[in-house]
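There are 2 protein chains.
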Amino acid sequence: MAPDTNSIAGYTIFREGDYGSAEAAAVIPRDIPHPLDQLSIVEIHAAAKLIREMAAPKTPKFNCITLREPPKLQYAAYRQGRGSRPDRRAFAIIIMQDDSGQVAEVIVNLTQGKIEEWKLVKDVMPTLTLEDLDLMERISRKDPRVIEACRGLGITDMSKVFIDGWAIGVDERWGLERRLQQGLAYYRNHELDNQYAHPLDFTVVADTEREEVLSVDIRYVNGERTAIPLAEHHYLPHFIMSFQVNGNELSWAGYKMHIGFNYREGIVLSDVRMHDPYEGRHRPLFNRISVAEMVVPYGCPEVSHHKKHAFDLGEYGSGYMTNSLKLGCDCKGAIHYMDAVLCTGKGDPAVIKNAICIHEEDNGLLYKHTDCRDGTGVSARDRKLIISQIITAANYEYGFYHTFTLDGTYKLEVKLTGMLNTYCMHPSEQASVNPYGTIVAPTIIAQNHQHLFSLRIDPEVDGRNNTVVQNDAVESVEALGSAENPYGNGFYCQKTPLRTALEGATVYRHETGRTWDIINPSRLNPICKKPVGYKIVNNSCPSLLAKTNSVVWKRAAFARKSLWVLPYRDYELYPAGDYVCQSTGEDNHPHNPTIQDWANRNENIENTDIVCYIQFGLTHFPRTEDFPIMPVEPRNPALWVPPSSLCVDDKSRNAFPQTCCSSGELKDNPKL
Amino acid sequence: MAPDTNSIAGYTIFREGDYGSAEAAAVIPRDIPHPLDQLSIVEIHAAAKLIREMAAPKTPKFNCITLREPPKLQYAAYRQGRGSRPDRRAFAIIIMQDDSGQVAEVIVNLTQGKIEEWKLVKDVMPTLTLEDLDLMERISRKDPRVIEACRGLGITDMSKVFIDGWAIGVDERWGLERRLQQGLAYYRNHELDNQYAHPLDFTVVADTEREEVLSVDIRYVNGERTAIPLAEHHYLPHFIMSFQVNGNELSWAGYKMHIGFNYREGIVLSDVRMHDPYEGRHRPLFNRISVAEMVVPYGCPEVSHHKKHAFDLGEYGSGYMTNSLKLGCDCKGAIHYMDAVLCTGKGDPAVIKNAICIHEEDNGLLYKHTDCRDGTGVSARDRKLIISQIITAANYEYGFYHTFTLDGTYKLEVKLTGMLNTYCMHPSEQASVNPYGTIVAPTIIAQNHQHLFSLRIDPEVDGRNNTVVQNDAVESVEALGSAENPYGNGFYCQKTPLRTALEGATVYRHETGRTWDIINPSRLNPICKKPVGYKIVNNSCPSLLAKTNSVVWKRAAFARKSLWVLPYRDYELYPAGDYVCQSTGEDNHPHNPTIQDWANRNENIENTDIVCYIQFGLTHFPRTEDFPIMPVEPRNPALWVPPSSLCVDDKSRNAFPQTCCSSGELKDNPKL
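Line by line, the protein sequences give chains A and B.
With the first letter of the first sequence counted as 1, position 458 gets the number 458 in UniProt numbering; the numbers rise by one all the way through.
With the first letter of the second sequence counted as 1, position 444 gets the number 444 in UniProt numbering; the numbers rise by one all the way through.
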């Protein structure tokens, strides 16, 4: 007998005794099972048979039959060779198919072939299985109240109505008297249509056990029904892959940008833009991106160590310290390298071969959806383009990976590796009582330190004049039980535009999951009626732990805030000053202003040409395992996601052709 | 003339006019440069020549010669075809090689071959170049005070002394009168030795311009010097790669674990352990890992939507909803699949083919270090092992990726994709004033919602009895200017053991970069004298935004905290209760306790068998671009890093042979 492959999408079902087929042979284990192996198909049959015999003449519905794992200590004893092999046991939850609807938990000892426990459970509702959920659509389509609710929207062909079964949470009308589920209703005009483009204005409540519709809850607005949204929005993939380099200009998957390099910032990305196939033009995203500064304050207060707070970019230069990269070691795959051109003290040019690595990688799933009815679906792989350099700053190595993905995200990832800065201990010094470092080897201490980076972004989101809006996720101000928030579940995104440079100097807030949108207030998305924008996501931004007014606090003004937003000025680039070596960081230095001075001008930053400095990094309490060489510590400082709409009209929602491909047309009302 | 390749490690230097060589030809661009291209070697020569002529008879030292980018509006006009091509300009910082040590900024117009600006800059210190840093070791080795300082430690061969040049921050002894750097001192006995294993107890201060040692600052402890740490700690790579599967037991790169699967949690990892080659045994890490629950509360307070807060695991089962995976779509590379065995309501077994995907991937750099003296270095690539499943929960897809890397990290990544839950709008409803959702297409709204997951970890760090210690990065309590913290830079890690289950119910704190260590208090690391442990890093844990006492707040007790730590009990698994469907979540339910009930017992969790529930997820304010299909939103909830020492003795620091490979022996004092 062939296995039944049709009744649950994605499942291959085996009837009892059906072990002769190739399909069964492939899934029956030949060895003695490991105590933690899932139940085999033979074991499930055996457990179900014993339970059915015990339940007779009643019929049980199996909510689950799963491995009953051995108790921890029993298994541990077996694993350590101190105890015998635990018996194989199955755990089942069953629902009686009679008026009682009793739920029971059953433990079956499979090794001994007997039921060990049969416990009735009251006032609970087991998991909804796919079989349970499957009934919702089936019974709804036949139900007169559902048919009537559809007719009210002009739908007469019930085969085009799709009902997603959902757990219901709590519904006071029935409480636990019935085993309930709710059905969310959609319309789908033809096989390739997308039901989520056509939600309907009613929900269905059903009894899962009696397979009975209990209620059809229609929402009336001013006494009226809500028409079906009829435009089609499909999700078929099409891709553009691989990159082209023309001089130092790069094209990849609809992106274009220029790759520059200098002694101080290393890689500079300019003119970052994306192609909009519907408008037939490149829409600007960023005017310029660079890592503009960093500081590494050490936390040991003993004198001489307080001077260790390297500003690796301002004091040495990220370009100067760049490594020449090697295929297979630093980079893998099909690489395009660019050289760096610097100069010596004599004024001679000096070239670092292969200073910049450009390559493309698979990035896992881009999107996926499976229709749980028939198991059909769509999925596409993501690709990422990575532009990277690695620098050596004495003992430390930093890898900077500027990354773009097909969904329009720009992300900078910094990888920290190399060697810890170490110091020696006098025999009188007790490792275990020194809180300022970790003993990594006998008589060697590695001190606490932070790595704080500043990413400079000069945005140009669909034009030069942008505004930064601060987003905080907050619960509704309306009280639980009020008419506006009867069940207390309301929450929304509180949006606060940053208006002046001092308002623009702001910190991350975990409690509200704070993010920031760089918006273009003069370009509205016609769908959601909100300005186009680009989101800053950055929750890897530790506070500067040195005291206010300490040497490093003064010198590293930039590290006092997670974000600074300033009006753009030509050549205002380096937040710790143009000259960082030996600078004191005092305010109002006549030749060497810092970001604090720029912010103190407190100029307008709303709907104008702005620049953002985004701080990120980590606090490193060294581990003994970080010596003698540190494994890479990745930090994803600023994740940029094209947010509440980088697009200017319905068609250009597809500015990222990889993300979605809609017909782009509002269809006339199709035949219902 | 061949280019000079020797004077700066990693640089190939070109003398003026030296354009005939193959090396030069390879780096001279043939086309007209893009306005943002870095300067070519020809342009650098031209700029340096003009500056030298202007400075004569004085000699300038070039701190940098770099592209002077065109002013933004000028470049924008050119880019848009509204203006002429900007002139090519160089920007240089020079230091005069005379007693004045004057610093000047020079702008050279390369298109017109003339100097446009020459500005003296006072009270600043330019970047330290590699050439500047290079002198520190050279002059220190010859300096009588340094030689004397070394002799005091028994060192007579100065070629074995290595001095890393560092920026000095601020040194009040000289302020800005001198261009300073500090040298950090190390000893290296032979070419393959690691200097950071032998730090010395003095630092050197030097004048960069006059190439003169100004001070050798020796630290005396009780009037004594500190001996050189002499043990060798190398960092040569050796790898173990690829995985073996025996039944459902997996071995990979020193890891071993069992892979189970059930209808509710999907993938279950048990007996996760790592091989310690020095102790010749597998050291336990985790007894059991699973994703035990999740909830998706929607934030629209209108009635009927308040019932949308699916507990996809407890209400449907992660195993039941699992997709059958396809090579090339869901997974790439050499895959080992495992099937899932479930059951139908009739009690028949049902198999999902290829439910679990196991594969190995390159993971970028594992570690790297380059010696800045000669450009030699070491680097190794990381690998990761990924055990994954993808589930479909009606409209949403979730990918669960359990990931292990060579440095001992376990990380769970969840990828969210699929379709938004949508609802229809009545014409009277204004999209732009509804804060509870986003219009994704005409008359279609997608509501705000959260995805909150609970990762259940049953740890077994080097044994069954573990304790969780809370880590907060805090500044020193000693005041700035006090003897204990004169420069205010002191900071450390405040460690608070969680002692009872109610203390163990705790939240993430951004201000202190809070993490948690799972330690084994009875196994001390003999190097750092602290207990072995494993760190929990989780800053992706949004607060539950529903009101206190609301329906979902009651039902999803687990989502009220970032971390719960509880004593282990057999079969206490599901934090929202064993039966989640229609549960109210009230405390003290007789048959269906939740994690809040377990915590309310307030039992001891110190140095006992414990279980951790780690909550993570995201708050989703839908974007228009999320329709009609959402690009993947990755969430790295819990990053586990083996922290202040998962090891029990000096040798077993190498429990992760991929991370480091020390000789493991304390050497006798080598010849000095």
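The set of hints was computed from the structure by calculation and includes no laboratory data.
It is possible that part of the hints are untrue.
A pair counts as met if it fits within one copy or between any two copies, since identical chains are not told apart.
[As the list claims (entries may be wrong)] The calculated lysine-lysine pairs, modelled on BS3-like cross-linking and capped at a C-alpha distance of 30 Å, are:
#1 LYS332 - LYS256
#2 LYS256 - LYS72
#3 LYS332 - LYS72
#4 LYS119 - LYS530
#5 LYS122 - LYS554
#6 LYS530 - LYS122
#7 LYS332 - LYS119
#8 LYS332 - LYS384
#9 LYS529 - LYS119
#10 LYS58 - LYS353
#11 LYS122 - LYS142
#12 LYS142 - LYS530
#13 LYS411 - LYS384
#14 LYS346 - LYS122
#15 LYS332 - LYS411
#16 LYS58 - LYS326
#17 LYS384 - LYS530
#18 LYS122 - LYS384
#19 LYS119 - LYS554
#20 LYS346 - LYS114
#21 LYS72 - LYS384
#22 LYS495 - LYS119
#23 LYS142 - LYS160
#24 LYS346 - LYS256
#25 LYS384 - LYS326
#26 LYS495 - LYS411
Hints versus structure:
{"no.": "1", "hint": "LYS332 - LYS256", "result": "both (23 Å within a copy, 28 Å between copies)"}
{"no.": "2", "hint": "LYS256 - LYS72", "result": "between (57 Å within a copy, 18 Å between copies)"}
{"no.": "3", "hint": "LYS332 - LYS72", "result": "neither (44 Å within a copy, 36 Å between copies)"}
{"no.": "4", "hint": "LYS119 - LYS530", "result": "neither (56 Å within a copy, 47 Å between copies)"}
{"no.": "5", "hint": "LYS122 - LYS554", "result": "between (65 Å within a copy, 20 Å between copies)"}
{"no.": "6", "hint": "LYS530 - LYS122", "result": "neither (50 Å within a copy, 49 Å between copies)"}
{"no.": "7", "hint": "LYS332 - LYS119", "result": "neither (58 Å within a copy, 46 Å between copies)"}
{"no.": "8", "hint": "LYS332 - LYS384", "result": "both (13 Å within a copy, 15 Å between copies)"}
{"no.": "9", "hint": "LYS529 - LYS119", "result": "neither (57 Å within a copy, 50 Å between copies)"}
{"no.": "10", "hint": "LYS58 - LYS353", "result": "neither (79 Å within a copy, 33 Å between copies)"}
{"no.": "11", "hint": "LYS122 - LYS142", "result": "neither (32 Å within a copy, 86 Å between copies)"}
{"no.": "12", "hint": "LYS142 - LYS530", "result": "neither (42 Å within a copy, 68 Å between copies)"}
{"no.": "13", "hint": "LYS411 - LYS384", "result": "both (10 Å within a copy, 21 Å between copies)"}
{"no.": "14", "hint": "LYS346 - LYS122", "result": "between (87 Å within a copy, 22 Å between copies)"}
{"no.": "15", "hint": "LYS332 - LYS411", "result": "both (20 Å within a copy, 23 Å between copies)"}
{"no.": "16", "hint": "LYS58 - LYS326", "result": "neither (72 Å within a copy, 41 Å between copies)"}
{"no.": "17", "hint": "LYS384 - LYS530", "result": "within (29 Å within a copy, 41 Å between copies)"}
{"no.": "18", "hint": "LYS122 - LYS384", "result": "neither (52 Å within a copy, 46 Å between copies)"}
{"no.": "19", "hint": "LYS119 - LYS554", "result": "between (68 Å within a copy, 26 Å between copies)"}
{"no.": "20", "hint": "LYS346 - LYS114", "result": "between (90 Å within a copy, 19 Å between copies)"}
{"no.": "21", "hint": "LYS72 - LYS384", "result": "between (44 Å within a copy, 29 Å between copies)"}
{"no.": "22", "hint": "LYS495 - LYS119", "result": "neither (53 Å within a copy, 45 Å between copies)"}
{"no.": "23", "hint": "LYS142 - LYS160", "result": "within (13 Å within a copy, 88 Å between copies)"}
{"no.": "24", "hint": "LYS346 - LYS256", "result": "neither (37 Å within a copy, 58 Å between copies)"}
{"no.": "25", "hint": "LYS384 - LYS326", "result": "both (20 Å within a copy, 21 Å between copies)"}
{"no.": "26", "hint": "LYS495 - LYS411", "result": "within (23 Å within a copy, 33 Å between copies)"}
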